[in-house]
Amino acid sequence: MQTTRLLVCGDCAVIVGRMTPIYAFAGDAPVVSDDAFVAPTASIIGQAELRPGSSAFYGVTVRADTAPINVGEGTNLQDNVVVHADPGFPCTLGSRVSVGHGAVVHGCTVEDDCLIGMNSTVLNGAVIGANSLVAAGAVVLEGTIVPPKSLVAGVPAKVRRKLSDEEVEGIKGTAARYVLRAAVHRDIHSQA
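Numbering-wise (my numbering), the sequence shown opens with residue 1 and increments by one.
Hints listed in this document are in silico derivations from the structure and should not be mistaken for laboratory results.
Mixed in with the good hints, there may be bad ones.
As the list claims (entries may be wrong) - Calculated cross-link-like contacts (lysine to aspartate or glutamate; reagent style DMTMM-like; alpha-carbon spacing at most 25 Å):
1. Lys172 / Asp35
2. Lys162 / Asp86
3. Lys158 / Glu169
4. Lys149 / Glu169
5. Lys158 / Glu111
6. Lys172 / Glu111
7. Lys149 / Asp187
8. Lys149 / Asp35
9. Lys149 / Asp165
10. Lys172 / Asp112
11. Lys172 / Asp28
12. Lys149 / Glu111
13. Lys158 / Glu142
14. Lys172 / Asp65
15. Lys172 / Asp34
16. Lys172 / Asp187
17. Lys158 / Asp187
18. Lys162 / Asp187
19. Lys172 / Asp79
Could you put together the complete structure from these sequences and hints?
Structure representation (structure tokens):
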């Protein structure tokens, strides 16, 4: 286990001794589970919580400087994902959510066992129901409510159909594989 300490400078702080920038903001420090993986090039800022088995891969930004962000158990944030929140719009990602490369998740709720496709955007107040898939490049507009087990696609995103049980199992399999992959990355970086 690494020894860490909090270095405070005005309204900001950084956790020293970790291999990645994890910053407090205005007195709110992130809470990162010991078995979460945070890549050396990821940034975790403010009122953010990363639960057990979660991961923030390379280039990820989790910026909770205006409202809380909660990343659920076994949830993966793939390369270059941005998670942000606005006042009155916290961001909650449930358990076993996969957020694809380059996606932006902003002030929304994504329930358990969802896949947010690469380069898609989910905006303030949107709710993505459990077991759903947001297609790559989709834009889910503010306040959109997506029913559970839905495929949404397009700009703006619309529900296209209900997902099959097999497709839902595929989403769960992706999250499970990322938990294993994140553990390997965490082990490699802990030896560096």
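Which of the listed hints are not met by the structure? Hints 2, 7, 8, 11, 14, 17, 18 not satisfied by this model.
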